[in-house]
Each structure stands twice: as C-alpha cells, then as structure tokens.
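Enquirer: Next come the chains, spelled out residue by residue.
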Amino acid sequence: MPISSSPARKGWLRRVTRSRWLRPFNDAHAWESVLSGLNPMWSRRGFAARVIGIVDETEDTKSFLLRPSRRWPQHLAGQHVVVETEIEGRRLHRSFSISSAPSATGTIRITVKLHAESRVARWMHAQLAIGGIVRLSAPAGQFIAPEGANPLLLLSAGSGVTPIVAILQDQKRRNPDREIVLIHSCRRHSDWILKDEIRALAADWPALRVHVQFSSEGGRLDVTRLRLWAPQLAAMQAMVCGPTALVDLLHSPGAPAGLPQVVMTESYSGRVFPSASGGEQSHPVHFELTEHLFTARGDRSLLEQAELAGLKPAHGCRIGICKSCQCLKRSGSVLDLRTGKISSEPDELIQLCISAPRSALNLAL
Amino acid sequence: MSKTILNETELSALQAELDGVRDRIWARVGQQDADHIRKMVRRARGSAMTGRGLLMFGFDPFTWVAGVLALAHAKILENMEIGHNVLHGQYDWLNDESLNSQTYEWDIVCTSQHWRRTHNQDHHNHTNIVGVDDDYGYGLLRLTGSQKWTWKTLFQPIWYALLAIYFQWGVAIQDLKLGRWWKGRMSNQELAQRANPFMVKARAQLVKDYVLFPIIGFWNWPRIVVGNAAANLIRSLWTNAVIFCGHFTEHAQTYTKAEAANESRGGWYLRQIQGSSNLEGGRWFYLMTGHLSHQIEHHLFPDLPAPRYPEIAAEVRLICEKYGIHYNSAGFWRQYSSVLWRILKYAFPVERRRVTTTPQIA
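First to last, the protein sequences are chains A and B. Number 130 in the working numbering belongs to position 130 of the first sequence; there are no gaps in the numbering. If you count the second sequence from 1, you need to add 1000 to reach the working numbering.
Simulated from the structure, these hints should not be mistaken for laboratory data. Treat the hints loosely; a few may be bogus.
Said to hold, decoys possible - So the derived label-pair ranges between C-beta atoms look like this:
no., chain 1, residue 1, chain 2, residue 2, range
1, B, A1314, A, A126, 55 to 63 angstroms
2, A, A314, B, S1002, 37 to 45 angstroms
3, B, E1190, A, R23, 25 to 33 angstroms
Stated by the list, open to error - Derived coverage of chain A by chain B (criterion: at least 3 residues anywhere in the stretch with Cβ under 8 angstroms from a Cβ of chain B; other residues may be distant):
no., stretch
4, 27-40
5, 344-350
Quick caveat, the model's predicted, so the values are computed rather than measured. Note that beta-carbon positions come from the ideal geometry of N, C-alpha and C, so glycine has one too.
I would like the entire structure built from these sequences, with the hints used as guidance.
Expert: Here is the structure:
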C-alpha cells in the first residue's frame, strides 16, 4: 500500500505518537477516521485532493485539475504521483505523471488516458466529478530536466507527453533561452494530447521547436527522422518518455553513433493481456526488497518455485487459508490457482502459495 | 451421530459444489462489506468511549453497570467481529492498512503474531485432528476417547472454569508451549525469547486497563479498576463459550492423523464441516460471536468476509444433506450445555481407546 498513514515525525512527538503506553489515545487510525470524517480534506493519510476542473483532451483522455491539501509537498516538473481511489470497497492505485509545472496556487493537473485494463483510469473517467476527492501520494520520480543551458531534446509518444508538458512550462518560466526540441509521436492528429497547450507555449517561445509524427500517416519515428528535426542531435541532452520501443530508439546497445546523451527515461511497456491459459510460459519474478530474481513457470505456485530457486519466503498452510505468505504485488499479473481469477492491477495483495505468474512480476518481498 | 465417510468421487463432487458456493459469494463481496467492517470499527470505538466515560465520570451503580456492559460490548466486538476476522485476512482485499491481516494488532493480550500461527495456520488447517490441532482441548482438556486419561483428568471441570475466566491469557500463552518447558524440553532462555512479544503486549494491556485509565479517573479509580476487570471477565467468559461451541459440541467429530493423511481438498472440506458446529440466533447475536455462530461456513472459507456466512448457510446445509453429512447447528444453550457435558463426561475414564498413532507433540 503505497499511501501510508504515518508521516515521518521526529523526536519526542514521534515517541508520543508511537508509545505503546498511551494506547488508545494515540491510535493513528482512530484519529485519521475522526479527522477525515469531519472533513475529508483533513485526512492525514497521504494527501487528499479535491477535483476543481475536468477538461476533455481527446476522445479517450481527460485532464483533472486537483487542489491537494495544504500539506502537499510541491512537486518538481516531470514527477509523478500515485492516485488512490476506492472502487467497490477496494483501494486501488495507479501512478500518473503530473502534467503541470509547480504553481503558486498549489493546483496540479494530471492527464489520464483511458486504458481498458486500468480500473482506476476507467473509474476516473466515468465517476470522478468536480468536487470529488481522491487521495495522492507525495510526488515522486527522477524524470526531471537537468539544470544548465545545454540544448534539450524531449522525446515522447502517446500519453508520454504529459510530464514533458510540465517540464516545458517550467523551463519556459525559469530558462526561456535554453534551446529545446520536442519530438512527439502519436497515432493521429486527434490523439495528440495537450496539443493546444503545446502550441500556445511554442507561439511566443522562439527557443522551442515542436515536431509531431502521426504514425498512422508517416509510420513510426526513427533515427533518420530525429536527425532531420534535430540536426545538432549529438550535442543535446535527451529525455524520453514513452513505450519501451521509443526509449530503445536512443538507448539500446545497438543504436547508431552520433545520438544525444540520454539523461532521463520514463518507459512503460505496452498493454498486457494476461490470460488464464499460458501456464507453460516462464516469467521473471523480482523480489524487490531482498533483490532476488528468479524465473517461474505459469503452472505452479510462486511459493513452490521461489523455494526451488533457493529462496525462503514466509509461508504457513500452503493451501491458501492462512495468509502467512501474503505479499504486495507491485506490478504484473498472477493467476489464482484456486479460483482461476487473474489479478493484474498494481499494488494488490497476493498469496504466494496459490498464485502462479502470468507476466513478469515485481513483489514487495 | 456417526462420522460420514465419503469416497474420492463423492469428495471431488462435494469440493466442486463448495467451490461454486465460494465463487458465487465472492463475486458479491464489495462495497457493502467495506462499509460493514468500517461501521463495526466505529461502533466498537464508540462503545469503548461510552463505557470508559461512564466508568470514569459516573458515581452511581447504574452508570457503573452500564459502563461495564458498554466496555465489554466494545471488547467483544473488537475481538470477535473485527480482530478475529481481520486477522483471517477477510478484509485484505480492501487494501486498507488499518484492516490488514499482517499488520492489525487486536485489543487482547494474545499477540496477533501468535494468533496467526496457532489459529490461522495450525488450527484452521488441522482442525480437530487429535494430537495435531492444539486447539483441541488446548492441551488441558480431554474431550474425546482417544485422548489420554490420567487421574488428573478428573479435575478438568476446574481447569475449564479457570480457562474460561482467564481465557485471553490461556490463548495468549498457547504458543509458548509451556508443557515442553515444564518437561524440560525447552530451555529457560528459549522460553524467555518466545515469551517476549507476549510479555510486551500483556504489559501494555494491563497498563491500559489498570494504570492509565484509573489515573485519568482520579478519585474514581477503584470504580474503573473493578469495572475494567469486570468487562474483561465478561469478554473472557463469552468468547470462551462461543469458541468452545465451535468444535466441542456433542456431535463435533474428531480425526486421527492417519485419517487426515493424504486427504484431498474435498476431504479437507468434509473434515471442516464435521469438526465444526453452528449456533442459531439473531443478527445481533451473530455480531457478538463475530459470526462464529457460523463456524461451519467459517471453517470452509476462513477468509470470506464473515457477514456473508449467514447468506451461504442455507446452501451449505442443503449440500450437507445431499451428501448425508450432519450439519451440526442448534441454539446457544443447547450447544453450550453439550460442551459442558462433554467436559464432565470425559473427565472420567470413559471410552478409553488405544491411540493408533503416536500423538505428535508440536
């Protein structure tokens, strides 16, 4: 659960809030329920944020203007935030880039593309209205423009443009003379997210040049095209945000010489459609906390295979009733061997003894 | 009532039917269950504040009695409907760290850590297998013929009365395996190590009820000390009665290790049904038992949100009838008196049977 209720405190205050001897007066969960019951914005668990505006960007993309509670630590342009929603009683999380630069009013914008497999995005599109409240994590992420005056290449595809827009807003305010080339790729003109804003930014900003490739007309972006649009490519610092294939364009070991120095990437793999079949395939399983990696087949339990790999995760009954082997699945899909159900949302709890992998997995173990 | 034994074909058919019940009910689990458990948390907190407030600020016997009852109600609700069920992971799907089985710490001297091991892992897996299920008689009571009888067993009604009064302590020290230490099979050092989490928790619980709140109550401290002790006593007697009704009623069956060896999932289901017994009553009664009134359904699906048990009870009962399995269900007094009778009866050397397998000392 990425959004936790215990903000870091120091010294005596921490001792008082944690002291076993003062129970139940310092029960954080009880205070949280009192505060958020009085006013949801007073919640101390993560940061509550109220929706103050919704903009339709494209057919399948909406922007949400959010006003987080005053405790919100201001983000840096390019960072992302985890949004928590409660759907049918379940708290679900999904991480979104913040598509606006830090502002004096504290308002932030997230731009959400509808993904069939993301319940959070689906819910936000269908249910979240102005005045509604979501919960945010603190801003996080390293996708931040390097300081200095070096020319910058911003390369994005699809919804990868969202943190790029935040970076553009920020650079225009703080560093308007810096030379920036934005190369964006999306399917068609109507899929271009935040295009009006990008055009408005470029209109009175001579140092910014914008090139867009519509893959339905001109095919995919390639290095030749990049060279054409950014002739001094080798001298630039590049930030890339998009599917893995886009990042590989500049970043893979086989990439040709004369490419820019890639300073930052943010990639996401394409859609995964896990299926109940496919048990004979093997998938990499990563225990994030203990930094172990092993491969596991899709037709046997993770517990069994972790043990075969020499790991010793906590476990109990081995038949799915005691929850001793339960852990947080950060990402990836697993099949519940008892019910045949697939879990593919990030940050869901799974039991190792009855779960088989259906994709690469990251587990908080 | 004799034990029903099914062949493998019948067992797998039974398993398929019960799995179907589970899948259908899980499909309905959602907002309603989230709202329920949060409501119970608020109710338990409200009741505790009311009870402690009445004990603290009242000055007459009526507010004292009301305070004790409200506090006992809060403790029972927290232990049974919230704590026990949350620790089973019934609400883990909420993704709420305050209601998560691995982090929840309940308001009782038994640590959640011990409970997850002795109850979730051992008892729920090996239910009613004599010599393996530590909860079967708690190493203290002889409740079936295959358990050993010695002249000391004659005193078991007294041990039982003490266990009922100090039930939370009995449960709390269960995982310490004091028997092994007593027989010299565990060093003092190991015992101290095992006991450490329990000591820490017990101290905090005692301080809360017998130091912190009495101090806040100033001159009312004797009222508070006695009131808290009374509330703890009520909680112990009640939870003990409910839990003993779960597996030690007249028709609750026991198993040997050999019988349970290599059992299929269907066989596991069958043992859970025959080893458990239900209590009948109203909605409030169900809440006060933490829905252990539906021990059979609970043992079939320990991680299903408990308020769903009454919804599937009729269906489970029909399946039992179909396979000729006795569905052990009756009112509280009927079941509890049969438990007390069982404790009394087996105190005497009746039905002494040689145990075919050596009991495993876990």
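Enquirer: All hints, please: hold or fail.
Expert: Against the structure, the hints come out as follows:
Against the hinted window of 55 to 63 angstroms, the Cβ-Cβ separation of A1314/B and A126/A comes to about 36 angstroms, which falls outside the hint. In this structure the supplied range 37 to 45 angstroms holds for A314/A paired with S1002/B, their Cβ-Cβ distance being about 40 angstroms. Look at E1190/B against R23/A: about 29 angstroms separates their beta carbons, and that is inside 25 to 33 angstroms. Counting residues of the stretch 27-40 of chain A whose C-beta sits closer than 8 angstroms to any C-beta of chain B gives 4, which meets the bar of three, so the coverage hint holds.
Counting residues of the stretch 344-350 of chain A whose beta carbon lies closer than 8 angstroms to any beta carbon of chain B gives 3, which meets the minimum of three for the stated coverage.
The structure fails hint 1 only (numbered hints given earlier).
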